[in-house]
Each structure stands twice: as C-alpha cells, then as structure tokens.
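Peer 1: Here the protein sequences come in this chain order: P and E.
All residue numbers for the first sequence refer to our numbering, where the first residue is 1 and numbers rise by one.
All residue numbers for the second sequence refer to our numbering, where the first residue is 1 and numbers rise by one.
It is worth saying that the hints were derived from the structure and are not from the lab.
On a predicted model such as this, the values are computed, not experimentally measured, just so you know.
Careful: at least some of the hints might be erroneous.
What the hints assert, rightly or not - In the EDC-like style, the derived pairs of lysine to aspartate or glutamate whose C-alpha atoms are separated by at most 20 Å in a straight line are:
id, chain 1, residue 1, chain 2, residue 2
1, E, 318, P, 272
2, P, 263, E, 109
3, E, 61, P, 272
4, E, 218, E, 171
5, E, 396, E, 189
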Amino acid sequence: MPVQVRNWFVGALGVAALALLPLGIRGEYSLTILCTLFLYVTTSQSWNILGGYAGQVNVGQAAFFGIGALTTRLLWLNGMPFPLAIVAGGFSSVLLAVIVGFPALRLRGHYFAIGTLALAWIGHITIGNLLPGISFLTGRYVATYSLVLRYYVFLVIMIAALVTIYLVVNSRIGLGMEATRDDEDAAQTAGVNIVKYKVIAFTISSFFVGLAGGGFAFFYASYYWYLPFGLMWCFEPILITFIGGVGTFIGPIIGAVCYVALKEIFALTLGEINILIFGIVFILTILFFPRGIIGLPAALRHLKSQKVSGGAGESIGPR
Amino acid sequence: MKKKVLLVSVAAIVSLAMLLLFHAPGGFAQPAAPKTIKVGSSISLTGRFAAGGVDVADGYKLAVKHVNDAGGVMVKEFGRKIPLELILIDDESDPSKTVQRLEKLYSVDNVLVYMGEFASDMNIAGLGIAEKNKVPWIGVTIAVENAFNQGFKYTFAPCMFSFMEVGSLFDALDTIPKDRRPTKIANFELQVDWGKECTKYLNKMAAERGYKVVLEQKYAPDTKDFASLILAAKSAGADVLFSVPTPPQSMTIIKQMKELDYAPAATCFIRGPDLSNYWQVMGKDANYILTCGEWTPEMPYPGNKKLVDDYMKANPGKPIGMQVGCAYGAIQVLADSISRAAKLDRESVREAIAATNLQTVRGKVTFDKRGIGNVPWSLCQWQNGKLEVVRNPDFKAKPVLLAPAWGKRQ
C-alpha cells in the first residue's frame, strides 16, 4: 500500500474512533481532557506550519488566539449562530495577521520573534484595559451547556487544521516553505518566492489559531476577557511542538499527547513539585532528543550503530 | 382451617419482608453511609499565586482536621458522624487547568462540594463549572460583586466584597474626630472589574457620607511607574489615598510616594499590605497603611485561638496569612451546612448553605440571595509591625492612626 494511501487510511480510522469516543465515555473529566488535547494539537500544529516548516518563529500566537476567542464570544453571545461566529473568529485572526503580522514578516530571525511577542503583549494589555471585566455565559447558555458538543467542535477544528496542513506541507507549497526555512537567501536566489510562502504559512496558521480561540470561547463558561490573550498561548504551543518534534507533521500531535498526559499525571500524583518534575523532563527531552520524541527511534538507532561500529554513527544534532 | 393457614402464611411473609427491609444491610431504613464526605478544590499550589493558594490550602486542611478530630460531620440520613475528605489538586495558577481539575473532582471523585481558590482568574473559571455541574461552590477570596450578579444558584462566598471593603474604609474614617478627619480622597483605579466596582462605591459612599473624591486616576495591572498619579494626588491636596493594587504595585506605590514626599493622612490599599510578609518587605514604610481586615489571629471569635495555636504548632515560625482564617471559616460553613442538610445530596446542601447563619472564626456568616456573604466589615492598619484591626462592628478596635509627613516619622 503506498505510504500516502496508508496515511490517509490510518487518519480516517483515527477520526472515526475519535468521533465514536463520546458514545463510550460519559465522564466530564475525560471529555475535558480530550477537548484540551484537541485544542493543543490545533494550536501547536498551527504554530508548526509557520515556525517548523516556514522557519518564522512566531512568539505572539496569543494575539491571534485571543482575537479569535474575542470575536467568536462577542458575536455568539450577541445572537449569531455559533458556526458563523467561530468562522468569523478565524477570519478576524487572519485580518490581524494581514494588518500587523504580514508587515512583521519583513523582520528576520530573532527580530520577527521579538516583534510578534510585542504584538501579543500589546494585545494582552489593550484587552485588559478595554475589557477589564468577566465574560459569563448567561443562565440560558449554562442550562443547555453540552460538553459532548464542545468535544465535537474541538475535534472538527483539529481535523480541519490537520488535513489542511498535511495537504499543504506535502505539496509544492510545503517544499517552498521548507526551502524558505532552510536558507532564505539561497531559496530566493533559486527563484523561490519566499514572501509568498511566508504569507501562506502565516495565513493558515492564524486562521486555525483563530478557530481554536473560537473553540476556547465556546468551551469556557466564565473567564476574564484577557485570559485568551495570556502569554501561555504563546509559549505552550512552542513547547509542545519542540517536545514532539518541530518541523514534522506528527510531532505536535505526539507532543500534545505527552504534554497533556504528563502534566495531568504529575499534577494529580506529585502535588507541589509537579512543575519542577515536568521542567526536568522537558530539559532532558531537549537535551537528549533535540529532534523531539519523534527523533527517539533515530536516536536509539544511532546508539545501536555506535555500539556495533564502536563509536562512528550518524549525527542526531539539531536540524 | 384453610383460612387460618392462609392468614399465618401472609403474616409470616409480611414479617419476613419487614425483617429484610429494616434489618438487612443496605435496607430501606438505614442506607449505607459513605466512609467519607468528599469535598474538593482546584488550588494554586504552584505558579504565580502559590503563596496565597498555599495559605488557603493550609486553612482548609486545618479546619478539616478539626472537624474530623471531633468525629466528622453529623449526617442525620445515616444517623452518624462522617469524616470529611479534602481533595486538593494543583492548578498551577492556570485557569484552563482549573476547569480540568474541577471536572475531575466532579466526574471521577464525585465531590459533594467545591471549595474556592485563592486568585480571581481561577475562581471565575470555577464559578461557571460549578453552576454547569450543579455542584455547590464555597469561595474564600473573591471580591468582585459582578460575578454574583449572573443569577447563579450554586456559588457562595463568605468574604468581603468591593462595597464592603470601601464601606469599611469610610466606617474607619468616621471614627476619627471631625477636626482631624481627612476628607479629600484620591482614587487610583486599577483597570480591572474589581477596581471599577470599588470606584463606583467610593464615589457613591463619599457623596453620601460627606467626603469628596478630588482625584480619579486609572492604571493598568502591570503599571510600574506611578509618579504622575502621585504628583496629581499631591497637587490636588488629597489626604486620603485609596486603591486595590496588585501586591507588587502596593509596594512600588509606597516607595514612590516616599521618594516624592507625598504622605496623605490615610492610605488604604485593600490588596497587598494584607499579605503576612508585607512588613518584612517594606519595614517601617508600611506603618499607617490601611488594608483589608477580613481575618487576623487576634480576632476574638470562638475557635480562633485554637486555630491559631494549632497552626503555629504545625508550622513553627511561619507567619499566619489572612487567607488561612478565611479558608478555615469556609470549611466551618461547609460542615454546618452538611449537618443541617441532613442528607448528602448536592441540592440539599446548596439549600442549607443558602440558609447559613453561623458564627465562624471570622465572624457571623449569612448569605444574600446572590450567594454574597454577609460578613463583618473589617479594616486593618499596620501599626509598628502589627496588623491591627481598626474597624470591626463586633468588637472594640484600635483607633486609626493618621500618617505624619515622611520626614516626621521615627
């Protein structure tokens, strides 16, 4: 069976299993964990297409996540049907990318990272000042709140993001992005339109992050308006992508599963030292598996070949 | 004869049935009692709010220990006392984790009641989950009144809200003789919902009680330079300064006031100076600052001395934070409510909490229809290294000391 067909087949099986899962799971806890997992997969994969494939390290994803959440929540609570509101949330994030993000693409390397971080910080402060209050779901919405419905919303967003990004990174566009990441000057000299590929990556990334923000707005019964603009939405997707394997399609998925599972297990079993233990695990992962968990088999093969050949082997250093 | 046999048979069957019903284990007369009553809290044991979260957790643990040392909570339905089981899970000071943790407490641990958390971000996330799951929620440190104007039925907070905090300042100022009483107020409004609520009540109560707000300036939660605000207050001649800064800001403002030689007769920061380490950080510059007075170790309420003595024994040398007493009081409300509910179903317990009328270590607690606690309006002031109560309706408080100019302080 060709690899592409096999991948699609495995993916379809996975989707079918996830779609049927709520029939077998009744507990709110399990559904909440899965919603969180889908949210993290979406935000990490969205970061990955821009940072991992196109090489543009966006440290300001919270601005795009937050604007998606804000738009969706405002429209939804003011009477717009939720499906329309969340799509509007996705496009509001793209609009922010067009207005502020695209000019930032003129910056390179660390300057782009700092510029996007500044954007996130500005968003956080601005929303904190303009909307210092709390967004509550009214009694009517709380009375009809369904966690299963939220589960499917997050699932659909995640699948849409994964399918789109998979198609893009396995196309000529994906090659263009990787060429841009590996060496902008060389790619430009070879005739690659690097601005075009950066813009495509940024648009896709911001759209799905905006949708994820919309999912957040649908999920939370009550929160401070500034919460989705918090810097955790900048750093957690990056952390997850690096844990799983940056610049790979499967990396953010594995990273999100490990991140959510380990965090939960540690918090429930280790008490006050859970963050310390998680930090140590993260440092060890980066130290010994710089390609992330996805690089683990290669690292083990390398160790094995070193044993066999008495020291010589392929490099497992950072990409 | 046949009739007699029939009658005897019916009597025997009925007797057997009665025996089975009333004496078999788990029979209808006495349902099996659970080993413990589970209550849970998602709480900041790590992260930026850990200092306050640990204080709240300490208060919960000590109160639960005291309840269980006495055998537990009497539950009439089972005809005996049942111990409380407190389940605390760290939320890492992250509201998104709060949601996960509360869902775990609900669907896996099947807790009867949620206990609140230290910081507002997490408490706000928790309120919605409590209402959605129809699990009673008893908070400890939530001052935003608006959160209780949403028509929620399951949320209760036996603590001081914005209008009580502002009211307690005016109550304290009113105790100062008229000829020396400061009346011109500068309000530095923190740009959060709590700050806005306080401004609303400050303006309203000032107008009603003969005070004048001469300056109103806004600042963000991450503002670090207050020079322009301080100079504006100074030039407006304000002799009372009110604000609800973040704890670091409460230190920065005082330091900058000293640098700019601005010493209003009364400075009231509801948040920040109430932390137990404030004097250690600020030293004598903390003198005369008024702050929230929800609970102190010296309050003469029943049970308070035992709480303080046992806390000191368990944590030698550790300062006892205000939140320890507030959290302890919340568990007292919980235990009393379960006992009055007489049953272990959430709806009965919710109704019992709503009908609370209890003397706790922080004073008498009742609730209004929104779940807001009616508690004593209390205010403290730092006086020579000690947080003294200067306003409390239940006992004789210390007089408010007016702050002299910076240059005239010892």
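Peer 1: Please go over all the hints and tell whether each is borne out by the structure.
Peer 2: Each hint, compared with the structure:
Between residue 318 of chain E and residue 272 of chain P the CA atoms are separated by roughly 18 Å; this keeps the pair inside 20 Å, and the hint holds. Between residue 263 of chain P and residue 109 of chain E, the direct Cα distance comes to roughly 19 Å. Compliance with the 20 Å bound is thereby established for this hinted pair. For the given pair, residue 61 of chain E sits about 15 Å from residue 272 of chain P by alpha-carbon distance, which is consistent with the 20 Å threshold. For the suggested pair residue 218 of chain E and residue 171 of chain E, the alpha carbons sit about 25 Å apart, so the restraint of at most 20 Å is broken.
With a CA separation close to 31 Å, the supplied pair residue 396 of chain E and residue 189 of chain E exceeds the 20 Å bound.
Hint compliance for this structure: hints 4, 5 are not met, and every other hint is.
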